[in-house]
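Peer 1: In the order they appear, the protein sequences are chains Y and Z.
Residue numbers for the first sequence follow this note's numbering, beginning at 1 and rising by one.
Residue numbers for the second sequence follow this note's numbering, beginning at 1 and rising by one.
Be aware that one or more of the hints could be misleading.
To be verified - Not everything, but these chain Z residues come out facing chain Y in the computed CB check (under 10 angstroms):
| hint | residue |
| --- | --- |
| 1 | L131 |
| 2 | L152 |
| 3 | M156 |
| 4 | I162 |
What the hints assert, rightly or not - In silico DSSO-like links for lysine-lysine, alpha-carbon gap of 30 angstroms or less:
| hint | chain 1 | residue 1 | chain 2 | residue 2 |
| --- | --- | --- | --- | --- |
| 5 | Y | K185 | Z | K330 |
| 6 | Y | K185 | Y | K174 |
| 7 | Z | K47 | Z | K75 |
| 8 | Z | K330 | Y | K174 |
| 9 | Z | K350 | Y | K137 |
What the hints assert, rightly or not - Not close to chain Y: a few residues of chain Z, all C-beta gaps over 12 angstroms, as computed:
| hint | residue |
| --- | --- |
| 10 | G65 |
| 11 | A71 |
| 12 | L112 |
| 13 | E280 |
Treat the hints as calculated values from the structure; they're not laboratory data.
Note that CB positions come from ideal geometry on N, CA and C, so glycine has one too.
Read off the chains here:
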Amino acid sequence: MAEQIIFYAFSCLLIIAALGVVVSRNPINAVMSLVLCFVTSAAIWLLLEAEFLAMILVLVYVGAVMVLFVFVVMMQDIESATLSARFAPNVWPGLVVGAISLAELLVVVWVRREGLPIAAVPEPHPADYSNTLELGKILYTQYVYAFELAAFLLLLAIVAAIVLTMRERPGLKKQNISQQVSVRKEDRVRVVKMEPESDA
Amino acid sequence: MANQLQQLLGQFLPEPFDWLVLTVLQIVALIICVILCVAYLTLAERKVIGYMQSRIGPNRVGPGGFLQPFADVIKLMLKEVIVPNRSNSFLFVVAPLLAIVPALATWAVIPLFPGFVIADINAGLLYVLALTSLGVYGILLAGWATNSKYALLGAMRSAAQIVAYEIAMGFALVGVLMASGSLNLGDIIEAQSGGVSNWFAIWLFPLFIVYFISGVAETNRAPFDVAEGESEIVAGFHVEYSGIAFAVFFLAEYANIILIAALTSVMFCGGWESPFAGWEFLQGTVFAVIANPSLAWFAVKIAFFLFCFLWFRATFPRYRYDQIMRLGWKIFIPVTIVWIVVECGMLLLKIGPWGTVL
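The shape of chain Y in the complex, shown without the other chains (with noise of 0.2 angstroms):
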């Protein structure tokens, strides 16, 4: 009972916060909604059992990725952007995936009505079943190799963004901040010794 309560406030949460995605004006309300989505979807998570993928998913998407999207989007003028000017050209495009979406959904919820065995409700574990625990065994024994070749696919993405992304432009000054770091005293400063020039 108080699971569903749960469920459906969340759930009615989620459609509102996707609806201010798309429908509202300000690029920043827009991320804004999407972050509310992201929250949301995880405390639904949650519900389910999957608090590790819960966690990440605000872990990653809302305080990384989601951080830098609101870094772009402060930067643009949003005065002159007219998002409804652009939204006319992506309707057909929009309606096609929308389409495919709910006739997805329209799937599971058949699945669910016909009582196939793939739908089946699993049993709920003890409250001190470690989901994490779990995953990270079963990925690191019998996924260990596709494991370890995505994580080096990723380090390949990282360093190729990088060596793309970085240009020599000519005639840029630089400065070497590990020599700046480490500069003593006696690079700087020169004492010079006097007599004093003053008779009184």
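Given the coordinates of chain Y, assemble chain Z onto it according to the supplied hints.
Peer 2: Chain Z in isolation, oriented as in the chain Y frame:
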């Protein structure tokens, strides 16, 4: 104590509600404690920095200046909250709330003394990481909603800094996780029981230093306080905030400082555990009580780290911005990665007090 209270409540409340009322009471008690700590941390800051600079600090309100925080709060509450004309007024008002909520909500998983924690969840460390990463939104939105160049610059600086240092912080906590073998903060404290020689601060010393300094940078405190850098951008992200809205930002900053101090003592200094826990000869004497784990030890450790925050502020000049970025990305992250590898070796060779984890 919590169990007795629950039995008492159970006598006149139906089944789920006695638990609900008890939890709400615990949350309210904890938040009041945190807010009182914030109030006296502001006084302590002015006093400590005052004495470090050969001044007296506030001494007019109440005996020895003891009522100064209340005078400040009443003054701020009575002032007008000014919302700038061309600002986004909704986000302008919401931003301080977004700053304060994660700072207070993280306290739910911090164990205060043996057997007391509001939410004993086994993904506690992840919860802490997730919530502390939310705190940046308050600053970012405040800077943008104000519609002022100074505020926007402050928000940008703060966001870049927090994103950079969060990674080093996360890596430092990976080391703690490996040593304790658990994500539950209570288990992390238990893993450090048995005196000061078992604390992670000794065995993971580089991670401890990285974590604490990153914590100082995360909370935008001196010497990393370029987000408000008053000599360059007036007051940074909260330049247009006044009255209670400013007070909420102030509260969030200090609540975050106390949180970082508490987390550092939980992760690296054994939380409630006593540093003398392994000393046999104390047993049977009047000093036996100092070897017991208690809230007092936790408070002493938090107080020490808070003093360090004030000490740094009085001692170091502000960092240049590019040097802050360099310290975060090019020094702290490599240091944590190297020490995690060293720690793997220690775990394999069973060096250190955690030989039983594997």
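Peer 1: Which of the listed hints are not met by the structure?
Peer 2: Nothing - there is no hint that the structure violates, so all of them hold.
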